[in-house]
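J.: For reference, the chains in residue letters:
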Amino acid sequence: MNWLTNTLGTSIGKKLMMAVTGLSFIGFLTLHLAGNLSIYGGPEAFNAYAEKLHSLGPVLVAAEWILLALALVHIATGLLLFVQNLSARPQRYRVNKSGGGRTIGSATMPYTGLLILLFVIFHLANFSFVDKSHTTIFDVVSRAFADPVYVAIYIAAMVVVALHVSHGFWSLFQTLGLNHPKYMPAITVVGTILSLVFGIGFGFLPIYFSFFA
Amino acid sequence: MTRTIDLTLKVWRQKTADARGGFETLHATNISTDMSFLEMLDVVNDQLTLDGKEPIAFDSDCREGICGQCGAVVNGHPHGHQKGTTLCQLHMRHFNNGDTIVIEPFRARAFKLVRDLVIDRGALDGIIQAGGYISVNAGGAPDANTIPVSQEKADLAMDAAACIGCGACVAACPNASAMLFVSAKVSHLALLPQGKPEAARRALAMVRRMDELCFGNCSNERECEAECPKEISIVNIARLNREFIKAGFFSAVR
Amino acid sequence: MQLDAHIPAGPLAEKWDRHRFELKLVSPANKRKFTILVVGTGLAGGSAAASLAELGYNVKNFCIQDSPRRAHSIAAQGGINAAKNYPNDGDSIWRLFYDTIKGGDFRAREANVYRLAQVSNNIIDQCVAQGVPFAREYGGLLANRSFGGAQVSRTFYARGQTGQQLLLGAYGALSRQIAAGRVEMFTRREMLDLIVVDGQARGILVRNLITGEMERYAGDAVVLASGGYGNVFFLSTNAMNSNVTAAYRAYKRGALFANPCFTQIHPTCIPVHGTYQSKLTLMSESLRNDGRVWVPKKPGDKRPPNEIPESERDYFLERKYPSFGNLVPRDVASRATKEQCDMGKGVGETGRAVYLDFADAIRRDGRDVIEKKYGNLFEMYEKITAENPYETPMRIYPAIHYTMGGLWVDYNLMSTIAGLFVLGEANFSDHGANRLGASALMQGLADGYFIIPYTIGGYLADSSRQAVSTDHPAFAEAEKRVGEQVDKLLKIDGHRSVDDFHRHLGLIMWDYCGMSRNDEGLQKARGMVRELRAEFWENVRVPGRGEEFNQSLERAGRVADFLEFAELMIVDALTRRESCGGHFNEAFQTEEHEALRDDEHFAHVAAWEYTGDQSEPQRHIEPLVFENVHLAQRSYK
Numbered sequence: 001m002n003w004l005t006n007t008l009g010t011s012i013g014k015k016l017m018m019a020v021t022g023l024s025f026i027g028f029l030t031l032h033l034a035g036n037l038s039i040y041g042g043p044e045a046f047n048a049y050a051e052k053l054h055s056l057g058p059v060l061v062a063a064e065w066i067l068l069a070l071a072l073v074h075i076a077t078g079l080l081l082f083v084q085n086l087s088a089r090p091q092r093y094r095v096n097k098s099g100g101g102r103t104i105g106s107a108t109m110p111y112t113g114l115l116i117l118l119f120v121i122f123h124l125a126n127f128s129f130v131d132k133s134h135t136t137i138f139d140v141v142s143r144a145f146a147d148p149v150y151v152a153i154y155i156a157a158m159v160v161v162a163l164h165v166s167h168g169f170w171s172l173f174q175t176l177g178l179n180h181p182k183y184m185p186a187i188t189v190v191g192t193i194l195s196l197v198f199g200i201g202f203g204f205l206p207i208y209f210s211f212f213a
Numbered sequence: 001m002t003r004t005i006d007l008t009l010k011v012w013r014q015k016t017a018d019a020r021g022g023f024e025t026l027h028a029t030n031i032s033t034d035m036s037f038l039e040m041l042d043v044v045n046d047q048l049t050l051d052g053k054e055p056i057a058f059d060s061d062c063r064e065g066i067c068g069q070c071g072a073v074v075n076g077h078p079h080g081h082q083k084g085t086t087l088c089q090l091h092m093r094h095f096n097n098g099d100t101i102v103i104e105p106f107r108a109r110a111f112k113l114v115r116d117l118v119i120d121r122g123a124l125d126g127i128i129q130a131g132g133y134i135s136v137n138a139g140g141a142p143d144a145n146t147i148p149v150s151q152e153k154a155d156l157a158m159d160a161a162a163c164i165g166c167g168a169c170v171a172a173c174p175n176a177s178a179m180l181f182v183s184a185k186v187s188h189l190a191l192l193p194q195g196k197p198e199a200a201r202r203a204l205a206m207v208r209r210m211d212e213l214c215f216g217n218c219s220n221e222r223e224c225e226a227e228c229p230k231e232i233s234i235v236n237i238a239r240l241n242r243e244f245i246k247a248g249f250f251s252a253v254r
Numbered sequence: 001m002q003l004d005a006h007i008p009a010g011p012l013a014e015k016w017d018r019h020r021f022e023l024k025l026v027s028p029a030n031k032r033k034f035t036i037l038v039v040g041t042g043l044a045g046g047s048a049a050a051s052l053a054e055l056g057y058n059v060k061n062f063c064i065q066d067s068p069r070r071a072h073s074i075a076a077q078g079g080i081n082a083a084k085n086y087p088n089d090g091d092s093i094w095r096l097f098y099d100t101i102k103g104g105d106f107r108a109r110e111a112n113v114y115r116l117a118q119v120s121n122n123i124i125d126q127c128v129a130q131g132v133p134f135a136r137e138y139g140g141l142l143a144n145r146s147f148g149g150a151q152v153s154r155t156f157y158a159r160g161q162t163g164q165q166l167l168l169g170a171y172g173a174l175s176r177q178i179a180a181g182r183v184e185m186f187t188r189r190e191m192l193d194l195i196v197v198d199g200q201a202r203g204i205l206v207r208n209l210i211t212g213e214m215e216r217y218a219g220d221a222v223v224l225a226s227g228g229y230g231n232v233f234f235l236s237t238n239a240m241n242s243n244v245t246a247a248y249r250a251y252k253r254g255a256l257f258a259n260p261c262f263t264q265i266h267p268t269c270i271p272v273h274g275t276y277q278s279k280l281t282l283m284s285e286s287l288r289n290d291g292r293v294w295v296p297k298k299p300g301d302k303r304p305p306n307e308i309p310e311s312e313r314d315y316f317l318e319r320k321y322p323s324f325g326n327l328v329p330r331d332v333a334s335r336a337t338k339e340q341c342d343m344g345k346g347v348g349e350t351g352r353a354v355y356l357d358f359a360d361a362i363r364r365d366g367r368d369v370i371e372k373k374y375g376n377l378f379e380m381y382e383k384i385t386a387e388n389p390y391e392t393p394m395r396i397y398p399a400i401h402y403t404m405g406g407l408w409v410d411y412n413l414m415s416t417i418a419g420l421f422v423l424g425e426a427n428f429s430d431h432g433a434n435r436l437g438a439s440a441l442m443q444g445l446a447d448g449y450f451i452i453p454y455t456i457g458g459y460l461a462d463s464s465r466q467a468v469s470t471d472h473p474a475f476a477e478a479e480k481r482v483g484e485q486v487d488k489l490l491k492i493d494g495h496r497s498v499d500d501f502h503r504h505l506g507l508i509m510w511d512y513c514g515m516s517r518n519d520e521g522l523q524k525a526r527g528m529v530r531e532l533r534a535e536f537w538e539n540v541r542v543p544g545r546g547e548e549f550n551q552s553l554e555r556a557g558r559v560a561d562f563l564e565f566a567e568l569m570i571v572d573a574l575t576r577r578e579s580c581g582g583h584f585n586e587a588f589q590t591e592e593h594e595a596l597r598d599d600e601h602f603a604h605v606a607a608w609e610y611t612g613d614q615s616e617p618q619r620h621i622e623p624l625v626f627e628n629v630h631l632a633q634r635s636y637k
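Chains as they are written, first to last, in my numbering: chain A, 1 to 213; chain B, 1 to 254; chain C, 1 to 637.
It is worth saying that the hints were derived from the structure and are not from the lab.
Watch out, some of these pointers could steer you wrong.
Covered stretches of chain B (chain A as the covering partner; in silico rule of three or more C-beta atoms under 8 Å from a C-beta of chain A) [what the hints assert, rightly or not]:
no. : region
1   : 171-180
2   : 223-231
3   : 241-254
Listed next, the in silico BS3-like pairs over lysine-lysine satisfying Cα-Cα at most 25 Å (straight line) [to be verified]:
no. : chain 1 : residue 1 : chain 2 : residue 2
4   : C       : K252      : C       : K480
5   : C       : K488      : B       : K53
6   : B       : K15       : B       : K53
7   : B       : K153      : C       : K372
8   : C       : K252      : C       : K491
9   : B       : K10       : B       : K112
10  : B       : K15       : B       : K112
11  : B       : K83       : A       : K97
12  : C       : K372      : B       : K83
13  : C       : K320      : C       : K637
14  : B       : K10       : A       : K97
15  : B       : K153      : B       : K246
16  : C       : K320      : C       : K302
17  : B       : K10       : B       : K53
18  : C       : K297      : C       : K345
19  : C       : K491      : C       : K480
20  : C       : K302      : C       : K345
21  : C       : K372      : A       : K182
22  : B       : K246      : B       : K196
23  : A       : K97       : B       : K112
24  : A       : K182      : B       : K246
25  : C       : K320      : C       : K345
26  : B       : K53       : C       : K491
27  : C       : K297      : C       : K637
28  : B       : K153      : A       : K182
29  : C       : K298      : C       : K345
30  : B       : K196      : B       : K153
31  : B       : K15       : C       : K488
32  : C       : K298      : C       : K320
33  : C       : K297      : C       : K320
34  : C       : K491      : B       : K15
35  : B       : K10       : B       : K83
36  : A       : K132      : A       : K52
All C-beta atoms in this analysis are idealised placements derived from N, C-alpha and C, irrespective of residue type, glycine included.
Given the sequences, and given the hints that come with them, work out the whole structure.
T.: So this is what it looks like as structure tokens:
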């Protein structure tokens, strides 16, 4: 297995792990968003969706563990890259300007990543690890969104997610070596659309709860 | 039209690698706008010499943008703000009277400072030594026209081979990564049929050496491409990634 | 001193084969016992170091830049010649040989030039195998273009960056040997003396440019590939660090310096435009394939070029040389340009420039085609001049570009000091009095890849040497001498900077020993150079210390040598009583102002021997014997 660690341990190897795990999170976000759309169908639809999800039993548990493993890889590798990259330039520049390559998304990846981590913990604590024996998930959600502070945090977090995806999506294709002059423009457009879809799709939910539900 | 301008320079001064460095403010007066940036520094240095001070140490050689020896970060841009231009080809007509110009050396852990703006880029040579070549001894080559190479491939290889090894990509990268440099050489050789036999070994060895030499990791911020004086594309980085995946997972090379 | 070129006997075409057979060999197991010191990492030095290491020798390689990839060979733009005859247009080894001899105005050695033409084809094969991305035709085969001084297309090219690509090929080969431990690379080192023991070159003294320390290296042979001396003119197309020091100090140790007055003026450079200028930039000769050179017919015509109608333009190269047109050799084109400017027809602010116009080519082939061929050159021109050559014709003027003269070497590329081999531009051997375009790359690589690997083995196998370590008194003596010079330079503390002296020297040389020379001017220049040299040693200011990174000190040492060497050039120019190639003495010209050779008295190499700082150098001659070509007045009409 020496060859595997030798390959994955290099800078490109680490980036590959970031790309593959990142891609799986994009998949997760897409499914999660699709499920959440059932909120617009009212309490019954949303609770039915949640019930159906939980009826999957071991499959769901397995999926959760896999997600957790992927997240650990993504976070650990990301932190390692962050530290290595900081130490690759011990003395910073006095004046540092962009030549036009950087975007807000790309320049803030490690920070948006950490914020997303914090949010996920917060999110799980609020929605997953709560006692739901006497209530429904819809009620949990609507109670949470009744709190304007929570709404603000949630919307801000979705902006952060959008930023992270705006760089992450095309970047993972680049890392996987899938940059082709014919297809790359389309990939970057899809990346931008995805980040908007995630940002608006998730971000509109608390607004819906606050004003329309 | 030729004009003359006056400038304030804030230049990084540091006597040796281990000495403490700092910015020194200098004045450059009566600078013709037809001068190159390095000629402006020549004028400043001549004056410093006559004033009994030590001139600014900076590297340059060909002064026509091909040797890759010159380079400094000027107002936050490696080789200055003009696109696709080395510092020696940057002309003063792109500056205005009264400008303040901050001049710093290329900074990276892998580039040790020698003096003032002069750095040691031996790490880039080290990466090439790991495999940036085709292993053929002098004497045994077949006729040059034995293997046809499509014009398109030859052009792409030439695009990558145009790298001058100046290190601006490393200087521009927020992570001080040398990926554009490495990818340019790997691409140049991987695109040509002559380079294929060693492609897997080369990609693995060069990337590993790059890591050993403490360059940072690429995070696809595209600053290298934006600041490269030869405008080498990050498409080459994707190609390197591809070559690396092929080598790491599908070749017999360990 | 009798100069023996050791040219092998036999018919021209068989000499090299025969010689290779006759050379003694060093067995593979014994090669590693020999240490070879190679100075320079350009096309000649880099390829020599790599090839010698491939054979198994221990090689130590030195360069003044921070990396072996930066040697000035990198700046060669146009291409490299070879007698492949891929275009089927009548080329052959013989034709390349003949063109080179004729282009050099019959002042080169037949045997050397023939060998050069023979190995030219191997160079292309070697470079393609190394991955040099030469231009290709649609079918995938190699493309060729035509170049000055030839009526066939034999030039291989990689856009306008051929030198870069060839050098990176050699650098790759060198890097491979460094990684293999066969070459030990020393960057930022400047050779300041040659160590000669028992008449044999046995080591070098170098200054570590970072720490300022003197370092001693001993070996069994020294290969000098330190380039040309064009920077004696201060303004030249050479790189800032190109210098004569290594070659000149070898000269002072007993190596003869041949034909120093043979300097090449390249016709297509961006004109001088200010007194602050640090160097000149070449526009590749390949531009003359499509660009047409012209001046207004009327002297003093100040109209912008686009307003001068066709009938009032003089395409003087096409008019004077109908069969070669704009593609006449460099010396001819340069002098014709100067002549037009001297008549007051020069253009631009200074009147020292002519137009190189692409309008016809763009009309004929379209802008895309021209851009593909010359895009990077046009861009470079625009960066420097802020003018767009697609719309306004380029302005060009000749500038110092290359030096044909160099240390004298025999057929084995060995100088008059045993064990000191000299390659590439640093030697004098192949280009006579004028070099053809795309031939410098060919010569550098021929010397390094295909000649020195054979001839150095012959020397090592055929001679004996005592063991010499760096403790030998010769090293101590050299170190003391060099150290004293450094101390002296630092102590003067005068009122003029090193560059100021260098610039001044350059002006003298350009005015009196440049494109056109005469006895009176040369005499005057000799006096001026002596005065300037005397002033230098009293009034130069070199700041800083010797034991540190000190660029002023580096330059001061080089300028000190240029100030001595310049006089040798002038003396050589004065004693060559003829005009040939790059050496044009106004007293010797045809009615049409072409160079007038004196084959009866000057068909020889003039090689100068150093006899001391206070005495005149001694002139030796090596007669040039032409058995295979007919000496003719060069005509490009």
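J.: Confirm or reject each hint.
T.: We went through each hint and held it up to the structure:
1. Coverage of the region 171-180 of chain B by chain A holds. Counting CB-CB distances below 8 Å, 6 residues qualify, and the rule asks for three or more.
2. Only residues whose beta carbon comes within less than 8 Å of a beta carbon in chain A count, and the region 223-231 of chain B has 5; three or more means the coverage holds.
3. For the region 241-254 of chain B, the stated coverage by chain A holds: 8 residues have a C-beta nearer than 8 Å to a C-beta of that chain, and at least 3 were required.
4. The straight-line distance between the Cα atoms of K252 (chain C) and K480 (chain C) is roughly 16 Å, inside the 25 Å bound, and the hint therefore holds.
5. For a cut-off of 25 Å, the pair hint linking K488 (chain C) to K53 (chain B) stands: about 19 Å separates their Cα positions.
6. For the proposed pair K15 (chain B) and K53 (chain B), the alpha carbon gap of about 13 Å is at most 25 Å, so the pair holds.
7. Of the supplied pair hints, the one linking K153 (chain B) and K372 (chain C) holds, its CA atoms being roughly 15 Å apart against a limit of 25 Å.
8. A C-alpha spacing of about 24 Å is found between K252 (chain C) and K491 (chain C), which places the hinted pair at or below 25 Å, so the restraint holds.
9. Distance hint between K10 (chain B) and K112 (chain B) is fulfilled; the C-alpha atoms sit about 21 Å from each other, no more than 25 Å.
10. Distance check on the hinted pair: K15 (chain B) and K112 (chain B) sit about 13 Å apart at the alpha-carbon level, within 25 Å; holds.
11. The hinted pair formed by K83 (chain B) and K97 (chain A) meets the criterion: a straight-line CA distance of about 13 Å does not exceed 25 Å.
12. Of the supplied pair hints, the one linking K372 (chain C) and K83 (chain B) holds, its CA atoms being roughly 20 Å apart against a limit of 25 Å.
13. Distance restraint check for K320 (chain C) and K637 (chain C): the Cα-Cα separation of roughly 7 Å lies within the 25 Å cut-off, and the hinted pair is therefore satisfied.
14. A C-alpha spacing of about 16 Å is found between K10 (chain B) and K97 (chain A), which places the hinted pair at or below 25 Å, so the restraint holds.
15. Between the alpha carbons of K153 (chain B) and K246 (chain B) the distance comes to roughly 19 Å, so the proposed pair stays at or under 25 Å and holds.
16. At most 25 Å may separate the alpha-carbon atoms for a hinted pair to count; K320 (chain C) and K302 (chain C) meet this at roughly 24 Å.
17. Between the alpha carbons of K10 (chain B) and K53 (chain B) the distance comes to roughly 16 Å, so the proposed pair stays at or under 25 Å and holds.
18. Proximity of K297 (chain C) to K345 (chain C) is assessed by CA-CA distance (about 7 Å); at most 25 Å being required, the pair is judged to hold.
19. With a CA separation close to 16 Å, the supplied pair K491 (chain C) and K480 (chain C) stays within the 25 Å bound.
20. At roughly 9 Å between alpha-carbon atoms, K302 (chain C) and K345 (chain C) fall within 25 Å of each other, so this suggested pair holds.
21. Distance restraint check for K372 (chain C) and K182 (chain A): the Cα-Cα separation of roughly 22 Å lies within the 25 Å cut-off, and the hinted pair is therefore satisfied.
22. With a CA separation close to 12 Å, the supplied pair K246 (chain B) and K196 (chain B) stays within the 25 Å bound.
23. This hinted pair checks out: K97 (chain A) and K112 (chain B) have alpha carbons roughly 22 Å apart, not beyond 25 Å.
24. For the hint linking K182 (chain A) to K246 (chain B), the alpha-carbon distance of about 22 Å falls within 25 Å, and the restraint holds.
25. Proposed proximity of K320 (chain C) and K345 (chain C) is supported: the alpha carbons are some 16 Å apart, at most 25 Å.
26. Taking the CA atoms of K53 (chain B) and K491 (chain C), the gap is about 15 Å. The hint holds against a cut of 25 Å.
27. Between K297 (chain C) and K637 (chain C) the CA atoms are separated by roughly 21 Å; this keeps the pair inside 25 Å, and the hint holds.
28. With a C-alpha separation of about 16 Å, the suggested pair K153 (chain B) and K182 (chain A) falls inside the 25 Å cut-off, and the hint holds.
29. Between the alpha carbons of K298 (chain C) and K345 (chain C) the distance comes to roughly 7 Å, so the proposed pair stays at or under 25 Å and holds.
30. A C-alpha spacing of about 13 Å is found between K196 (chain B) and K153 (chain B), which places the hinted pair at or below 25 Å, so the restraint holds.
31. For the proposed pair K15 (chain B) and K488 (chain C), the alpha carbon gap of about 23 Å is at most 25 Å, so the pair holds.
32. Between the alpha carbons of K298 (chain C) and K320 (chain C) the distance comes to roughly 17 Å, so the proposed pair stays at or under 25 Å and holds.
33. Distance hint between K297 (chain C) and K320 (chain C) is fulfilled; the C-alpha atoms sit about 14 Å from each other, no more than 25 Å.
34. The straight-line distance between the Cα atoms of K491 (chain C) and K15 (chain B) is roughly 21 Å, inside the 25 Å bound, and the hint therefore holds.
35. With a CA separation close to 22 Å, the supplied pair K10 (chain B) and K83 (chain B) stays within the 25 Å bound.
36. In summary, the hint linking K132 (chain A) to K52 (chain A) is supported, as the alpha carbons are separated by about 15 Å, within the 25 Å threshold.
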